[in-house]
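Listed here are the chains, written in short residue letters.
Number of protein chains: 2
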Amino acid sequence: MNERHIASAFDSDLEQIQTQIMKMGGLVEEAILDASKSLKNLDEELAEQVRAKDKVIDRLEEVVNEDCARLIALRSPTAGDLRIVLSVMKINSNLERIGDYAKNMAKRTSVLAHMTPVDGARGALRRMAREVQLMLKDALDAFVQRDAELAQDILERDRDIDQMYNALFREFLTFMMEDPRYITPCMHLHFIAKNTERMGDHVTSVAEQVIYLVTGSMPDDSRPKGDHYTRELSELD
Amino acid sequence: MNERHIASAFDSDLEQIQTQIMKMGGLVEEAILDASKSLKNLDEELAEQVRAKDKVIDRLEEVVNEDCARLIALRSPTAGDLRIVLSVMKINSNLERIGDYAKNMAKRTSVLAHMTPVDGARGALRRMAREVQLMLKDALDAFVQRDAELAQDILERDRDIDQMYNALFREFLTFMMEDPRYITPCMHLHFIAKNTERMGDHVTSVAEQVIYLVTGSMPDDSRPKGDHYTRELSELD
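Protein chains in written order, with the UniProt record's numbering: chain W, 1 to 237; chain R, 1 to 237.
The set of hints was computed from the structure by calculation and includes no laboratory data.
Incorrect hints may have been included.
It does not matter which identical chain is meant; a pair holds if it fits inside one copy or across any two.
What the hints assert, rightly or not - Quick list of in silico lysine-lysine cross-link-like pairs, DSBU-like style, CA-CA up to 35 Å:
1. Lys-40 / Lys-55
2. Lys-137 / Lys-40
3. Lys-23 / Lys-90
4. Lys-90 / Lys-37
5. Lys-37 / Lys-55
6. Lys-137 / Lys-55
7. Lys-53 / Lys-23
8. Lys-137 / Lys-90
9. Lys-55 / Lys-90
Just chain W, same shape as in the assembly (with noise of 0.2 Å):
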């Protein structure tokens, strides 16, 4: 078996495939971009226009599945070269998770657009998912640069994710005992802001393969946990 050859064959194509996968990732900021914005504004049209594009990101993953199942069956990699393929499926069914979210977002502004309005909250989702959107930016170009250390910071920052849900969970049970007209738009915004902070763990798990594929190892979850009645919300699930 002609090694090189099979060697520099197998990087020009997974080369092809993480060109799809950034193309993905840029599809799937712009989904957290605008689907935040829709809520923000109830914009019924950009919402529909964000479910919409999700069947692009659905189909992208499709592809790329395809792609990868390709280049192993046809090169037969090393084990090392196939430890890549496997963690850029695995970034890749990411992507689509953070895409799913985004969708369901655009999804519930619809819902809210009929609803009592909430003061503030609209906002502060707003920001949380502007967060999200920047450390996913980040976590892609580390996997492109193969930079560890970037991928790393990601991991910290989503701390500050799981901060913003916390706050947001209360506030949101403030709201609800203040006025029982808000319960109903809370239990929605409550979904989009645990969906916005699931958004910050799949960024995470895509920082990680990261790691995974310039160290070798997977990175310890060094996350200090609380006990079972002192954990944060956003621990539990």
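Fit chain R to the supplied structure of chain W, relying on the hints for placement.
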């Protein structure tokens, strides 16, 4: 290349991996039952056990992933066999996620044990979880027997889970509007209901992988969707 020899070696390796998957599936079924039982009885000790056992499930997922990667690297399976391994890896990931949701149910049990009890809801959640566990049992049987019909049946049954979730969501809203002391516990119970509905979605994607393994193509999503005003809550995520 001796196709015959490679095929048989591949088959026996795959056989071993499937045994691991079934072992994992059994642990996940147990986790669902124990978590919902601990919730029903607010049994913090049992909840603690569920959370401890989730580490075993997570470890098994890693082992299966490693074994699948090794199988691909050593046997260079044909495109068809490769798809089987990739499907098994997807099922593996679905099982791990379901285990996570059971763990989360157990975590919230520990929180709910210190709050105003919400009558009836915990029993309904246990019935819903029991239904999901039975679906998972059948999905795993369908996987082992490569039974596409049984798998298709699971896709139908997931609609019942969605209905149970929608009913519970409305019940929680009623509780919260009745008495503000119910708001915080109901927020947690609602998450448990949503996560149980998501368990059903993951069981469904296990069933879809089985259909893919048998028929070579994924089932179309024929589930009727409402427009974005009438859409059921279970379709919002």
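Do the hints match the structure? See the list:
no.: 1; hint: Lys-40 / Lys-55; verdict: within (23 Å within a copy, 40 Å between copies)
no.: 2; hint: Lys-137 / Lys-40; verdict: within (21 Å within a copy, 43 Å between copies)
no.: 3; hint: Lys-23 / Lys-90; verdict: both (16 Å within a copy, 24 Å between copies)
no.: 4; hint: Lys-90 / Lys-37; verdict: both (28 Å within a copy, 33 Å between copies)
no.: 5; hint: Lys-37 / Lys-55; verdict: within (19 Å within a copy, 39 Å between copies)
no.: 6; hint: Lys-137 / Lys-55; verdict: both (21 Å within a copy, 31 Å between copies)
no.: 7; hint: Lys-53 / Lys-23; verdict: within (13 Å within a copy, 39 Å between copies)
no.: 8; hint: Lys-137 / Lys-90; verdict: both (17 Å within a copy, 26 Å between copies)
no.: 9; hint: Lys-55 / Lys-90; verdict: both (19 Å within a copy, 21 Å between copies)
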